[in-house]
Amino acid sequence: MNHRALPQENAAAVALLLATNPHALGGVILGGLPGPWRDSWLSGYRSLLDSEQPWKKVPVNIGDDRLLGGLDFAATIAAGRPMYATGVLEAANGGVLVLAMAERMRPLTASVISETMDSGRLQVERDGARRECDTHFSVVALDEGLEPDEKTPDGLAERLAFHVRLDQSPDMSELAQWTRSDLQRARRRINSIRIRQSLLEQFSQAAFAFGVSTLRAELFMLSVARTAAALSGRRAVTDEHAELAVRLVLPQRAQRLPQSPQDDVEAAPREDEEQEREQTPGKRDMPDDVLVDAVLASLPDKLLEQLALSATSSQRASGGRGGPATKSRLRGRPVGVVVEERPQGARLNILATLKAAAPWQSVRRGDSNTRRLRLRPEDLHINRYEDRVETTTIFVVDASGSQAAQRLAEVKGAIELLLNDCYVRRDQVALIAFRKEGADVLLEPTRALARVKRSLSALPGGGGTPLAAGLDAARAMALGLKRLGRVPAVVLMTDGRANIARDGSPGPDQAEVDARASARLFRVEGIESLLVDTSRRPKPRAQALANEMGATYIALPQADANRISTTVQRTLAA
Amino acid sequence: MFPFSAIVGQDDMKLALMIAAVDQSVGGVLLFGDRGTGKSTAIRALASLLPKMRAVVGCPYNSELGDEIDTPGVPDDKQRDRLVPVPVVDLPLGVTEDRVVGALDIEKALVHGEKAFEPGLLARANRGFLYIDEVNLLEDHIVDLLLDVAASGENVVEREGLSVRHPARFVLVGSGNPEEGELRPQLLDRFGLTVDVRTPVEIKQRVEVIKRRDAYEADREVFRKKWSRKDGVLRRQIVAARDIIDDVVVRDDILAKVAEICIALETDGSRGELTLLRASRALAALNGKTEVTEDHLRRTGPLALGHRLRRNPLDESSAVVRVDRVLAEVLAA
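Chains as they are written, first to last, in our numbering: chain B, 21 to 594; chain X, -2 to 330.
Fair warning: there could be bad hints in the mix.
Cβ-to-Cβ under 10 Å is the rule here; a few derived chain X residues that face chain B [to be verified]:
#1 Met15
#2 Val92
#3 Ala100
#4 Glu104
#5 Ala106
#6 Glu214
#7 Glu218
Here are some, though not all, of the chain X residues that point toward chain B, as calculated from beta-carbon distances under 10 Å [claimed, not checked]:
#8 Arg96
#9 Leu101
#10 Leu107
#11 Glu177
Sample of chain B residues with no beta-carbon within 10 Å of chain X, all distances over it, derived [stated by the list, open to error]:
#12 Arg205
#13 Arg255
#14 Ala429
These are computed hints drawn from the structure, not numbers from a lab.
In this text, a Cβ means the ideal position worked out from N, Cα and C, and glycines have one as well.
Full structure from sequences and hints, please.
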């Protein structure tokens, strides 16, 4: 058998591998804005598929009825009995599901897709009907996220072997050498490709070295290596294929850089207990250097930086995007259906409409023989939804030297009590501190309140007061959350004094000016905020700052946690 | 279906599911933890492990012969029963309320103008298992329905002019990833046992998982056959345990220990004690023992009590650690 080389470029290699073994590899996240590069990848990939394979685009706001299937209104009226339309997940069977703006996808939509991929079965229980069918598809997730928090939902990303970032025009020309029958031949051989036990162990070790805990990574590496070997006409996986597999699968999953064992304690992403567990094997199983180097070489610089950071700070945000989406008005808890003569932009509740119409059918049909349904405007019911709004409370703490140590302790105490409250409301919490030259995001929005407490107790005090930087960091985070459809609320704890300007230079005058300017933007952007004056005696300065921000003002001396908490709630309710 | 016995490691997860299979009154299992650890694989595998049960032919509620339930269309004296697999019903994401509780049969209503009840998922899950994957993503109004029915064992439908009640006793099995959001305490409380599922970190174990998964994907039939004997052993173990569970004795001093453990942990209500007791009894039966010992309490304690501790969002030590600490103190004395 003659041996063939796989495409040099990752983007092209990914297209080839995925087209050959779509079900084992799941799919790809295609990162980058729409444009010729993305189109070029997509058409290159499509050229490897059979023309009859479905290619189904899923818009970001797809409703469950179109995703899963449901009552077809027009057909039901025409037939006079319930008629069902298949959803996109079923229609994509044997082909490709293309997810538009995957970074904005509702968690629930992502979970439905993930679950269907896992089981290869679709089970629909909707609108008075039950349907079960097999469906297998691969996923191309078009991810246009620019910020770190804009990304394809974790649960779905986990099930897609590849992540291609289109930072340049992908060279897809090499794909022209591969015919569909080449792919078919390779596909038949994949399962018979042998692999050395030592390579499997190296996969696991490499995954461990980069802090990748999910076992799917290793399964993907195995599949990539086998598929590559089959395509290049080998009978067994060679080192080259193994390296390719690690290079394509691990970098996007990396949680940390390979460290010497004592650093592992810092690097582990979660609770202490897990750190202990993870640490132990690290000491004896140092991974194979070749594979680790392959991953290191293919990590983008930005990611490398992030990982290096996380290895020292141990404060990685949890990836979860919990709770129901708040963006769409078309989901949530149905609080009833209402009759409306001309539903505009609302979603018709087909089932309720049909039920309203059912008793009148024989009367309305009269002598007519047709089975067509007779609907009247008064039959039409539309859904009313009540969305639970998810709040994120951003605590911004002045940790500068002007906050006497004892004062800082009081502030910490107040926040801890407030956290209990956030817990009851299931709010997310974020923590920003400012001192010395700038502001630090100590904790991205999270529900793991124990981590907030830990960050808080580790919070050092001292240095200048860069109030403007603190305000800017809080505003940036609040705006980011708004983009995600959440409701941010900023709780600023300060005495209102500033002595470091936005550019980091000392001097109270410029610092005050900058702080005022930053504060004004809060009012402009309409960010709900609360200022807790932490000075020993309430000062007009903090009051003035609150006015600039459009914030509710409250002084800590009188502020027990209960009062702050009720004020927060009142501020939010407004 | 991946064979239950072929699952590598994850002893807690397997034990919790076995206990639920032996004694349904333990009240459900929640598997919470890392992605890609085979949580849903284990639950689906459990289905094929369960011994069959007798149910009335044509009954939408899988009722037993002699149960006083109206089986639509089947007169009482004509009822027959047969062996059927224990239902393991999936509650899929995106499910609508009408399909969970049952609703007016829309086809009959439109075409024939008839008012008929079409049973939902709760009916089908009666006497079996109801499985919710990604349980923390379930919409709140569906959760409310489940909470009510799981507590009463009965589904009451009053809608669209229908008035129907039918038994809905099922074992709730849920799985989820804590990163997707926490669970409402009321829902958490409905689960008898919880397991904190973690990814194996031993390289050897991980490689074994990959190898078995690989063998399974390569030829499912061959793989299933290879493991069918071991699955059979587990099935017989469940049957044997069910036979003797009513004879398992719990001595007074063990009862006192159970109470002492729950007091020390300040668990809310008496559900903790009951669950710990029942789970330990099921474990004893699984081991072929006719008496509950302290070892059984030690083994089932973290599963039965881990999620019942007074919620303190600021306590950093994990629940399992706290339970283990108390178990060590009480049982050593």
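Hints and how they fare:
| no. | hint | result |
| --- | --- | --- |
| 1 | Met15 | violated (23 Å) |
| 2 | Val92 | holds (5 Å) |
| 3 | Ala100 | holds (6 Å) |
| 4 | Glu104 | holds (5 Å) |
| 5 | Ala106 | holds (4 Å) |
| 6 | Glu214 | holds (7 Å) |
| 7 | Glu218 | violated (14 Å) |
| 8 | Arg96 | holds (4 Å) |
| 9 | Leu101 | holds (6 Å) |
| 10 | Leu107 | holds (5 Å) |
| 11 | Glu177 | holds (5 Å) |
| 12 | Arg205 | holds (18 Å) |
| 13 | Arg255 | holds (15 Å) |
| 14 | Ala429 | holds (16 Å) |
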